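Working from the sequences, and respecting the hints, build out all of it.
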Amino acid sequence: MDKFKLVVFDLEGTLVKHTTRQAKIVENSISKNGVTLSINVEENYSLRSKPEYHSAKDFIKKILELNNTPKEDEEIDKMVKFYKELRQNPEYLFDLQYLFTGVKEILAKLVEKEIICVLLTNANALQNQFLLEKFEIKKYFDFIVDDSCGLADKPDPTRVNLILEKFSIIPEEVLIVDDSLAGLLAGKNAKTRTCGVLTGNSTKEMFEKEGIDYIFESVKDLGEVL
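The numbers in my numbering rise by one with no breaks, and the one at position 167 of the sequence shown is 167.
It cannot be assumed that every hint is accurate.
Keeping only pairs whose Cα atoms sit at most 25 Å apart, straight-line, the calculated DSS-like set for lysine-lysine is [said to hold, decoys possible]:
| id | residue 1 | residue 2 |
| --- | --- | --- |
| 1 | K62 | K17 |
| 2 | K166 | K17 |
| 3 | K220 | K109 |
| 4 | K17 | K220 |
| 5 | K50 | K17 |
| 6 | K5 | K113 |
Quick list of the computed label-pair ranges, beta carbon to beta carbon [unchecked claim]:
| id | residue 1 | residue 2 | range |
| --- | --- | --- | --- |
| 7 | V111 | S38 | 39 to 49 Å |
| 8 | F143 | S55 | 17 to 27 Å |
| 9 | E75 | E43 | 15 to 25 Å |
| 10 | I169 | N68 | 42 to 52 Å |
| 11 | V111 | D73 | 38 to 48 Å |
| 12 | N124 | D73 | 18 to 28 Å |
| 13 | D156 | D77 | 21 to 31 Å |
These are computed hints drawn from the structure, not numbers from a lab.
Bear in mind that the values here come from a model prediction, so they are computed numbers and not experimental data.
No residue lacks a Cβ here, since even glycine has one placed at the ideal position from N, Cα and C.
Below you can see the structure in the form of structure tokens.
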């Protein structure tokens, strides 16, 4: 069994169920700009876990293509702008989100074992703070890395490397826990160990294809390797 000194968690999709809210925001952003959707965005949200559709623009562009209503970049940019405005309001559709079962127990266990907990997310700082406080899990984290750091997003390893440098820990002693391939590939690119959870948009087959070290149904199963 690996001995980890630090565990890095993603937030949305890993600790917090968020896909219903996110899909609704995408739908509203597209319809606001005059497009009628005939497809269900939430049913296609698993695409978001793939690196090529991880950004809001690429995902919205793909949804428009699937809807047979492709648009030029200028129109897509307007949709993305509105999407970001809605997403950055943490209270907007907040009730569509909830904390996954067992999250607090696992985080408390890590603190008890003196394992460093870090939050690594592409979301904005305001939304992160809102969710952490609403779900009462902020106290468990020693460090938070979000879009305010100004570094390249997942799957780029730069943010993971920042964490390694801050805590002077070698990659082999770090476990990245994420529901998305982009986040896990950031870990692999930084040579850390990786754990995919099936509470987000990715499938077991996706994780196996990329050689993810551990695959669990949810964060509550992490006790098997900690």
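Any hints this thing doesn't respect? Which numbers, in order?
2
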